[in-house]
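Trainee: One-letter residues, chain by chain:
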Amino acid sequence: MAKLLEYQGKELFRRFKIPTPPGKVVRCLDEALAAAAQIGYPVIVKAQVYAGKRGKGGGIRPASDEPELRDAVGRILGNQIYGLPVEVLLIEKQVEIEREIYVGITADPTLRSPVIIVSITGGVSIEEIAQEHPQTLIKLPVDILRGVYFFDALNMLRNVDDLSSAVKMGVAQVISGLYEVYRRYDCKLAEINPLAVTAEGVIALDARVDIDGDSVSRHPDLNLAQAEEAGDRRATLLEQVAGAIDHQDHRGTVHFVQIDPDLSYARANGKVPFGFDCVGAGASLTMMDELVPLGYYPVNFCDSSGNPVGSKLYRITKVIFSQPGIEGYVFVSCVSSQQLDNTARGIIKALKELYPETNGQPNIPTVLAFRGAWDEEAVQLLAEHGVSGGRWVRVLGRDSTEKDVAEAFRALHEEWRTAQGGVR
Amino acid sequence: MSEVLAFKVRSGGTVTISLSRCQDCEGRPCLQVCRVQGGPLVLDEARGVPGLGMPLAEIERGGCVECLGCELECALRGRQALTIDLPLPLLDEYLAGLTEPVVYRGGR
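Residue numbers (this note's numbering), protein chains in the order written: chain X, 151 to 574; chain E, -12 to 95.
It is possible that part of the hints are untrue.
Stretch-level coverage of chain E by chain X, calculated; a stretch enters the list once three of its residues show a Cβ under 8 Å from a Cβ in chain X [stated by the list, open to error]:
#1 10 to 18
#2 45 to 56
#3 72 to 80
Because the hints were derived from the structure by calculation, they are not lab data. Glycine is no exception: its CB is placed at the ideal position from the N, C-alpha and C atoms.
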């Protein structure tokens, strides 16, 4: 899933005639001062991070004049909100709110269709409202082939007594526009929380737009990184390198995510960091069941499966080895129909380029386990090309279990560490 | 013969063959492995060197399955005439920004 920041979501909103407050994106105090001077005080300073409840976390502050703006920017920019570093701010015109409404569109798996949700009482703690007062939510399942017409949106509000006709028209216009955003940008969630009722009409004060990660390539105009989902943080540059591999070639996949990008977790907990690649996500779990209790920690997840071409294995092997501080590399295949001789060729080419002085023999403990289709050919290729003859390389075949792999890696790593002087 | 045979592949890489080196290659291991994979390399009967058995557009669409076998076999049993360049956009930028060297460049 690709999440847009608030200001990016609002850019989409404006394309579909959803009103938003005047605002500017800034990255330093000088830009913030210039933006506020142009917009006019009072303004709101908003941290642009992938997190909800930013107000409670100190990421949203009002400023009625320049001193307050300096103070607000100083408290937010460069600091962290829920552990996420704030590098970008949105400076917006503060509006007088008469009332708050919630509007969201998401996929309902039980209905197998999009569903529009409106809460006339606002969206503070919308999850609790949905559980405790579901009758206050107005829902409209959408026939995705028919779409949403303006009168459909207006009809959702027909039983609401305490909204004027003008406000209902405005909300219906917003619902129609939000559905266009949802459909055209392949969203999993498009949400306005809150949609403010003001004297000038309704206006979207926040924007949450989550796009289906598999559709990112369909929206080059959004300039989103082609990388696997990595939770609330932005994709690292190395994850973007890996993401481009699948983007340019659909044959098989190499899903790569850095679990511990700066090795801070592994080092703080006395774990041994290593690079990891597995054919099959399930096999990677069973492999971790064996390796983690022994004190090893994978700094990345990688699932190179779906019978990827050899060039993908070449590229992703270079990516995995490009993580500083790793004390080993483990490749394991589940028993599948993947053509493992091609997998082996990709790994061999990568190792020969990374280690030209040793003709492809790595300087860190490396265990490669080939189990499945063409596994014997894969083992033979590694021997023919001289990789498996390396001091720090062990190649296992179809009879090996995850436990065998873990024990081989531990033995090799202990020997390697001793050779390094026994220190890390 | 100083001719070079070069063609693009699906993932954005380039295969380059120095045909002058291929003339005295007897085993032609690149052709053997490519035939097994159903790839584009065939023997150019007239010149006795590798040629293409499918249009360039078909190769770039995925006709070459990028098994890398031709390069590895040529290096091992042939005349070291064939290279495959597979760029990784942004990797150099990433490496340049690291504060700690990677293991294959002396880091640990």
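Trainee: Which of the stated hints cannot be reconciled with the structure, identified by number in ascending sequence?
Mentor: 1
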